[in-house]
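Colleague: What follows is each chain in one-letter form.
2 protein chains.
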Amino acid sequence: MEAVIFNGPFKIDVERRPKPTLLEPTDAIVKVTVAGICGSELHMYRGHQKTATGHIMGHEFVGYVEELGSSVTNFKVGQKVVCTFSPVCLSCFFCKNGYTNRCPAGTAPFGTQGLAGGQADYVRVPYAAGTLQPAPETVPEELLIMMSDIFPTGYYGAIRAIEYFVPTPSSELNGDSEQHTALSLKMQTLDKAIFVCLGCGPVGLCAILTARSKGVRTIYVVDSVDDRLEQAAKLGGIPLKLGRDDIPSIIKEATGGRGADAVIEVVGNTTAMRSAFDLLRPAGVLSSLGFHQGDLPFTALECYSKNLNINLGRAPVRTVYDEALEVVVANKDKLSEMITHRLPLSQAAHGYDIFEKQQARKVILIPGQ
Amino acid sequence: MEAVIFNGPFKIDVERRPKPTLLEPTDAIVKVTVAGICGSELHMYRGHQKTATGHIMGHEFVGYVEELGSSVTNFKVGQKVVCTFSPVCLSCFFCKNGYTNRCPAGTAPFGTQGLAGGQADYVRVPYAAGTLQPAPETVPEELLIMMSDIFPTGYYGAIRAIEYFVPTPSSELNGDSEQHTALSLKMQTLDKAIFVCLGCGPVGLCAILTARSKGVRTIYVVDSVDDRLEQAAKLGGIPLKLGRDDIPSIIKEATGGRGADAVIEVVGNTTAMRSAFDLLRPAGVLSSLGFHQGDLPFTALECYSKNLNINLGRAPVRTVYDEALEVVVANKDKLSEMITHRLPLSQAAHGYDIFEKQQARKVILIPGQ
Chain A
1 MEAVIFNGPF
11 KIDVERRPKP
21 TLLEPTDAIV
31 KVTVAGICGS
41 ELHMYRGHQK
51 TATGHIMGHE
61 FVGYVEELGS
71 SVTNFKVGQK
81 VVCTFSPVCL
91 SCFFCKNGYT
101 NRCPAGTAPF
111 GTQGLAGGQA
121 DYVRVPYAAG
131 TLQPAPETVP
141 EELLIMMSDI
151 FPTGYYGAIR
161 AIEYFVPTPS
171 SELNGDSEQH
181 TALSLKMQTL
191 DKAIFVCLGC
201 GPVGLCAILT
211 ARSKGVRTIY
221 VVDSVDDRLE
231 QAAKLGGIPL
241 KLGRDDIPSI
251 IKEATGGRGA
261 DAVIEVVGNT
271 TAMRSAFDLL
281 RPAGVLSSLG
291 FHQGDLPFTA
301 LECYSKNLNI
311 NLGRAPVRTV
321 YDEALEVVVA
331 NKDKLSEMIT
341 HRLPLSQAAH
351 GYDIFEKQQA
361 RKVILIPGQ
Chain B
1 MEAVIFNGPF
11 KIDVERRPKP
21 TLLEPTDAIV
31 KVTVAGICGS
41 ELHMYRGHQK
51 TATGHIMGHE
61 FVGYVEELGS
71 SVTNFKVGQK
81 VVCTFSPVCL
91 SCFFCKNGYT
101 NRCPAGTAPF
111 GTQGLAGGQA
121 DYVRVPYAAG
131 TLQPAPETVP
141 EELLIMMSDI
151 FPTGYYGAIR
161 AIEYFVPTPS
171 SELNGDSEQH
181 TALSLKMQTL
191 DKAIFVCLGC
201 GPVGLCAILT
211 ARSKGVRTIY
221 VVDSVDDRLE
231 QAAKLGGIPL
241 KLGRDDIPSI
251 IKEATGGRGA
261 DAVIEVVGNT
271 TAMRSAFDLL
281 RPAGVLSSLG
291 FHQGDLPFTA
301 LECYSKNLNI
311 NLGRAPVRTV
321 YDEALEVVVA
331 NKDKLSEMIT
341 HRLPLSQAAH
351 GYDIFEKQQA
361 RKVILIPGQ
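Protein chains in written order, with full-length UniProt numbering: chain A, 1 to 369; chain B, 1 to 369.
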C-alpha cells in the first residue's frame with residue numbers, strides 16, 4: 001500500500017509499505033478514505049520534537065472497517081468510522097473515569113514511532129472497540145475528519161474555561177440548550193465574561209466556535225495570520241493581530257483594567273503561555289491546549305498572587321466525542337471553510353509544506369488518488 | 001491601648017499605642033476579645049517575608065463593635081463580630097462575583113505595614129459592612145477565631161479539589177446534605193477518590209475535616225510533627241510521617257501505582273509543591289493553599305504530560321464564610337482540641353515562640369489580661 005513516511009525534518013515521502021494485518025483480537029484494520037494533517041504533527045515536521053524516522057504519519061483519519069479482530073463486537077465490517085488520535089482501551093482506571101487522554105494504551109498516538117499512522121491506504125487500529133467511533137453517513141468527511149482530534153480538543157479547551165462561570169441562561173443560547181455546571185463557588189456569569197483565545201489555527205477555531213455556541217458573548221482572538229483571523233471573526237471572535245494591535249491595552253480597556261476572565265491558549269510555546277498569564281485577570285482561568293516543551297514562564301509567587309486556575313494537556317477526545325459532534329453538526333455551515341486543501345495522498349509532501357508555511361488552513365489527504 | 005508589635009524577625013513586643021479612631025464612614029472600631037496567631041504570620045516572624053517593622057500584628061480576631069462609621073448600616077454597636085483577614089469592599093468587580101480574595105481593598109491584610117492588625121485592645125476595620133461577619137453568640141470564641149482565616153481557607157482548599165469529582169451520594173454523608181457540583185466531564189466519584197493533604201498545621205486540619213465531612217473517604221495526611229498527625233488522624237486522616245514513612249510508595253500502593261486523585265498542599269515551599277506534583281496521578285487536581293515565593297518546581301512539559309489541574313492562592317473567605325461556618329458548627333467537638341494555648345496579650349512573644357517551634361497547635365491571645 002501507499003503510506004506517508006517521516007524521513008526527518010521537512011522530509012516527507014510517500015513510500016510503499018506492507019498492508020497491515022490484525023495482531024491482536026482487539027485490533028481492526030481500517031481502509032482510510034480521508035486523512036488529515038494536524039498542527040501537532042508540525043512539531044515533528046519542523047524538528048522541534050525529536051524522533052527517529054521511518055514511521056507512517058497521521059493521527060486523523062476516517063474510513064471503513066476492512067477487518068475486525070475476534071473480540072471487537074461493536075463494529076461491523078464495512079461500517080464507516082472515525083478514529084480518535086490515540087488508542088483508548090475502555091477498561092483501565094483512566095478510561096472508566098473519563099480520562100481517556102491518559103489511557104496507558106494511548107501513550108503512543110497514531111503517526112509516531114510507537115504506532116503506524118493513518119496517512120496510508122490502510123491502518124491497524126488497536127483497541128478498536130474504544131478507539132473507533134461510528135461515523136454518521138449524513139455528516140461529510142470534511143467535518144468528520146475534525147472529530148479525530150481538533151474539534152474535540154478545541155471543544156475541551158473551551159469547556160474547561162467555560163466551567164468556571166455560571167452558565168448563560170439557556171433561553172439566550174442559539175439552539176443549543178445543553179448547559180455545563182459551574183463550580184460551586186459563586187462566580188461570574190458566562191454571558192458577561194470576556195474570553196481570549198491565543199492562536200487561531202484549526203484547534204483554536206474549534207475552541208472559538210465552541211465558546212460562542214455555549215454562550216460566550218465576547219471572545220478576542222489572537223493570531224499573526226490574516227486568513228486565520230478572518231475565519232475566527234466569521235465564527236464570532238474579535239480579531240487582534242500580533243504585531244499590529246496593542247493586545248494588552250485592548251484587553252485591559254475591555255475589562256476595566258482587570259484582564260480577561262478566561263484565556264484559551266492553543267499555541268504551545270513559552271511566549272504564548274506568558275502572554276496568556278499576563279492577559280488574564282486575577283482569579284481567572286487559563287485553559288492550555290498547546291503542547292509545551294519548555295519551562296513554565298511564571299513563578300509560584302506570581303501564580304499565588306494571581307489566584308491562578310490552570311489546566312494543561314491533551315484532551316480526552318473519546319469522553320467529549322458525542323457532545324463535540326453535536327456542536328459540529330449544529331454548525332456545519334460555519335465549518336465548511338475550514339478545509340482549504342484536498343490533495344491526493346501522493347502529494348503529502350506538498351501538503352505538509354503549505355500547511356507549515358500557513359498557506360493552508362487545513363489539508364486533507366485522499367488515499368487511492 | 002496595648003498592641004502586639006513586629007520589631008523584626010523573632011522580635012515581638014507588646015507596646016502602648018493610641019486607640020484607633022474612625023477614618024472613613026465605612027470604618028468600624030472593634031473591641032477585640034480574642035486574637036489568633038496565624039501560621040502565615042510566621043513567614044514574617046521568621047524573616048522569610050521581608051517587611052518594615054513597627055506595625056501591629058494579627059489578622060484573626062473576634063470582638064464587639066465599639067463604634068461604627070456613618071455608612072455602616074448592617075451592624076450595631078455592641079454586636080459580636082468575626083473579622084475576615086483582609087478588607088472586603090463588596091462593591092468592586094471581584095467582590096460582586098465571589099472573588100473576595102482579590103478585592104483591591106484587601107491588598108494589605110490586617111497585621112501588615114498597610115493595615116494595623118487585631119492583636120490589640122482595639123482595631124480599626126475598613127469596609128466594615130463586608131469585612132465583618134455577625135458572630136453567633138452560641139458558638140464559642142475558640143471556634144469563631146478560626147473563621148477569620150484558617151477554617152474558610154482550609155475549607156476552600158478542600159472544596160476546590162472536591163469539585164473535580166462526582167459527589168458522593170448524599171444519603172451516605174453524615175448529616176451534611178449539601179452537594180457540590182462536579183465538572184461536566186465525566187469523572188471519578190468522590191467516594192472512591194484517594195486524597196492527600198500535605199501539611200497538618202491548623203489550615204491543613206481544617207481542610208482535612210472539610211474533606212471528610214463532604215464525602216472524601218480516604219485522605220492521607222502528611223507532616224513531620226507527631227502531635228499534628230495525631231490530630232489529623234482524629235479528624236479521619238491516615239497519618240504519614242515525613243522521614244519515617246516511604247510516602248510515595250504508600251500512595252502508589254494505595255492507588256494501583258497511579259498516584260493520588262487529589263492533593264491539597266498547605267505547606268508553602270518548593271519541596272512540598274514538588275511532592276504534591278509527584279504524588280498526584282495524571283489528570284488529578286492539585287489545590288494549593290501554601291504561600292509560595294519561589295519558582296514552580298515543575299516544567300511545562302511535565303504539566304502537559306500529566307494533564308495537570310492546579311489552583312493557587314489566597315481563599316475568598318467572605319464568599320465561603322457561611323458554608324464553612326456550617327461545617328464548623330456541625331463539628332464543634334472535633335475542633336475543640338485545635339486551640340491548645342490561651343495566653344494574655346502581654347505574653348504574645350511567648351505565643352509566637354512556641355507556635356514557631358511547633359510546641360503549640362494554635363495560640364490565641366486575650367486582650368485586657
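Bear in mind the hints are in silico, worked out from the structure with no lab data behind them. Model, not experiment: these values are computed from the prediction. Among the hints, erroneous ones may be present.
Copies of the same chain look alike in the list, so a pair counts if it works inside one copy or between any two.
[To be verified] Here are the computed lysine-lysine pairs in the DSBU-like style, where the Cα-Cα straight-line distance is at most 30 Å:
no.: 1; residue 1: K241; residue 2: K80
no.: 2; residue 1: K252; residue 2: K96
no.: 3; residue 1: K19; residue 2: K334
no.: 4; residue 1: K11; residue 2: K234
no.: 5; residue 1: K192; residue 2: K96
no.: 6; residue 1: K357; residue 2: K76
no.: 7; residue 1: K80; residue 2: K357
no.: 8; residue 1: K19; residue 2: K76
no.: 9; residue 1: K332; residue 2: K11
Colleague: All the hints need checking, so say for each whether the structure fits it.
Modeller: Tested hints:
| no. | hint | in the structure |
| --- | --- | --- |
| 1 | K241 with K80 | neither (40 Å within a copy, 56 Å between copies) |
| 2 | K252 with K96 | between (42 Å within a copy, 19 Å between copies) |
| 3 | K19 with K334 | neither (37 Å within a copy, 67 Å between copies) |
| 4 | K11 with K234 | neither (35 Å within a copy, 64 Å between copies) |
| 5 | K192 with K96 | between (35 Å within a copy, 13 Å between copies) |
| 6 | K357 with K76 | neither (40 Å within a copy, 69 Å between copies) |
| 7 | K80 with K357 | neither (33 Å within a copy, 68 Å between copies) |
| 8 | K19 with K76 | within (20 Å within a copy, 84 Å between copies) |
| 9 | K332 with K11 | neither (34 Å within a copy, 69 Å between copies) |
Hints 1, 3, 4, 6, 7, 9, counting from the list given before, are not met by this structure.
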